[in-house]
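Colleague: Given the structure of chain H, go ahead and fit chain A onto it with the hints provided.
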Amino acid sequence: MQTVQRAPMPLRILRSRAGGVLPILAILAVLLVLVAVRQPDFLAPPSLLSFLGRSAPIILLAAGQYFVIVSGEFDLSVGSLVTAQVVVAARLIDSDPSRTWPVVAVLLVGGAFVGLVNGLVTTRLRVPSFITTLGMFLILVGAVYLWSDGAPKGGLSEEFRRFGRRAFEDVPVLGRVPYALVVLLVVAALAVLLMRSDFGRTLVAVGDNPRTAELSGVPVWRTRTIAFVLSGLAAAVAAILLGGYSGVSFQAGAGLEFGAITAVVLGGVALGGGRGSVVGAMLGALTLELLFTLMNFYGVSGALRSTVQGAIILIAVAVSGLRFSSR
Amino acid sequence: MSDPRPAPLLVLRGIGKSFLGVRVLDGVDLDVAPGEVHAVVGENGAGKSTLMKIVSGGYAPDEGSIELAGEPRAFRGPRDAQRAGVGIIHQEFNLLPERTVAENVYLGHEPVRRGLVDRREMLRRTDDLLASIGETALPADARVGRLGVAQQQVVEIAKALALDARLLIMDEPTASLADHEVELLYGLMRRLQERGIGLLYVSHRLAEVFDLSGRITVLKDGRRVTTVDTADTTADELVRHMVGRELSSYYPDRAGPDDRGPVRLTVRGGGNKKLRGVDLELRAGEVLGVGGLQGAGRSALARAIFGAAPFTTGELTIDGTPIRPRSPRAAMRAGVAYVTEDRKGEGIVARQSVLDNALLASRAVFAARSGRAARTVRVRELLAAVEVRAVDDDQEIRFLSGGNQQKVVLARWLALNPRILLFDEPTRGIDVGAKSAIHDLVRRLAREGAAVLMISSDLPELLGMSDRIVVLRDGRVAGELPAGATEEDVVALAVGTVREAAQ
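Here the protein sequences come in this chain order: H and A. The first sequence begins at 1 in full-length UniProt numbering and counts up one residue at a time. The second sequence begins at 1 in full-length UniProt numbering and counts up one residue at a time.
Looking at chain H on its own, in the form it has when it is part of the complex (with noise of 0.2 Å):
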């Protein structure tokens, strides 16, 4: 018989790395380090949860996107989902304070529902999720623009608007908690236990490899569907807080998706399938937001925002290829 087998070394420290969150902490403490040398201040608990706070729909968007990306798809669809959620939460609630929890409901099943369309189109009509959703996309941006006659109607109750900008005051050495920063946490709690569950590992293992899934008895594309259908949710929820925070428009989600799939690939999951946390996804998110915060203080214009993200996308993308590949 042989001996136990042992991969070599450099296998080895990169077995212990590969889809783990130590690169993300690492570019998050770096950017840390960065801000407390220009703005110490944001480092004091009110304004580090404050931006927590305001971070918190695109982490959970990275978080739903994750999902979707884990299991070797893609979904295209978020950013105009949030808008159209915004919108017509807008034009249901109507300032009726009454209304605010119904249309909550209404938003998470729709978004539920747009998800479960994403996935199905995706897994039986066998297209591929980069088409299905970037249909979804366009569908959703003209039904909102029909639906709302070119310009958003109605409007958001004080109730509704509160999850994205009220907090718990004065609590003890926090000081203000953002609602949005308890919903982010609860919610990332939440997926955190998912990808622990026996859903979340079949779930990764039907990114890496479909076939050997299917082999094993995985229903695969119920499976996938269900990880659009959480995707969808993570918009829905997304959408509540957005439209609390920076209120109602045509603008309210665009650009998240590509947003949300940067976040997820710097967090070091592999497009493709397969490879990656959904803590390291929702750190991708975090360090995204932290980088753009960096870039105002710096004085770097906001227009090169989505230079950065492309470029961060680019060389995320090519530095796990050879990660993977150099073995």
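Since the hints were made in silico from the structure, they are not lab data. In this text, a Cβ means the ideal position worked out from N, Cα and C, and glycines have one as well. It is possible that part of the hints are untrue.
Unchecked claim - With the Cβ distance kept under 8 Å, some of the chain H side facing chain A (calculated, not the full set):
{"id": "1", "residue": "Asp198"}
{"id": "2", "residue": "Val204"}
{"id": "3", "residue": "Ala205"}
{"id": "4", "residue": "Asp208"}
{"id": "5", "residue": "Asn209"}
{"id": "6", "residue": "Thr212"}
{"id": "7", "residue": "Glu214"}
{"id": "8", "residue": "Leu215"}
{"id": "9", "residue": "Ser216"}
{"id": "10", "residue": "Gly217"}
{"id": "11", "residue": "Val218"}
{"id": "12", "residue": "Arg222"}
{"id": "13", "residue": "Gly272"}
{"id": "14", "residue": "Gly274"}
{"id": "15", "residue": "Arg275"}
{"id": "16", "residue": "Gly321"}
Modeller: For chain A alone, coordinates are given in the frame of chain H:
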């Protein structure tokens, strides 16, 4: 046949090739004269395809020389070989279905007039070319997708001739043809011979080889066993050349008469795209070997039982109950497990941990009844029992050796307590130590009451492990052999030299 042969068209001397340290070809000599049909036969894995790829420029040989029409050649790729006059007709055609015959024939070297494709000239030349090989019934402007398989093959051949092929390689050209189409192909091949084209003919089917070829070269384990004049040999002699290794390794004891339990699985008239009228019975406690050549339907049989590519006709029973598994999930619920032949492509999830791989099927199909922790403990025990060697069970499975990966896959299935186990080439690409461990395990599972079906191309393994052997040919059961059968028996049934069908 016995007239002095003209100067050879193709001369191979001492061709050797290794992949990842495994010697696939070793010192192979071969020559083909103009107008000769030279057949190359051998078992699965004998090196036929590799040799053909070397001749047609797909691979560069590690050793040896290729001479074409007296000139030494080192092809830099398939196009280079084509330019030198070597054409290859693969089993799978390389045609554009939406284009016409002429467009396919002249693809990439269309006749040009004033910078534009001269369609009329192209059609005319194609007509001439087809007429020259006696294929006048095939219109040059027909869309290839509308043609039958036999006619598409003619287009492939015309394509090679348009590039002035002097040597044509045909890899199992009759595999997808109906009987009357085979006759037409024979005629075409004779006309090609008359034009002085040398033909290298690879086939499993000995009957055809005898009909067509002038000489036969037998390959075994990457070496040339012999080259004989077809007129001077018999099918039996060829089969003896193709097999005949000594049994070098030990196999666990077979099932005794008392070990065989009740019938677990029956297939009656099972058929689908790849199988026809398969009858089969599998008992608890036995290892049923399934032999046959590549493409004979062995994997298709396992996949049909497992619901991955279900039977469309016939019936299947498990423990006497009729069942129609439409998916692997359904088959797994009925107690069936399938260890696939393609471990990398569909056996493992390469970037997940050993533990995640071993838990995959349990997680997918059965909710943890006794708790997740208990299930994990059990799977860890199984991993230890099959002696997986890994740093720890958190290690990604892709870093394990093939044998250890296979053991993890076995643990995945054992966790489900399957009553019927389908093994497809369970020891392919696995080192010797792990191989015998897997043999022992397979036998132990049978002894503990599982019904085992084992597909193997490794004849010593098939003979050494099986209590009975069913041999498939062309999607049908060609016959059944008892324990103690010889390699010759299996190969004879697989290539169809005998017709002692036991249907």
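Colleague: Does each hint hold? Answer for all of them.
Modeller: Now for the hints, and whether the structure bears them out:
1. Asp198: holds (4 Å)
2. Val204: Interface hint status for Val204 of chain H: holds (7 Å vs cutoff 8 Å).
3. Ala205: holds (5 Å)
4. Asp208: Result: holds, 4 Å to nearest chain A Cβ.
5. Asn209: holds (5 Å)
6. Thr212: holds (5 Å)
7. Glu214: holds (6 Å)
8. Leu215: Since the shortest Cβ distance to chain A is 5 Å, the answer is holds.
9. Ser216: Since the shortest Cβ distance to chain A is 4 Å, the answer is holds.
10. Gly217: Interface hint status for Gly217 of chain H: holds (4 Å vs cutoff 8 Å).
11. Val218: Nearest chain A Cβ about 4 Å off; hint holds.
12. Arg222: Result: violated, 10 Å to nearest chain A Cβ.
13. Gly272: violated (11 Å)
14. Gly274: holds (5 Å)
15. Arg275: Holds, about 5 Å.
16. Gly321: Violated. Min distance 14 Å.
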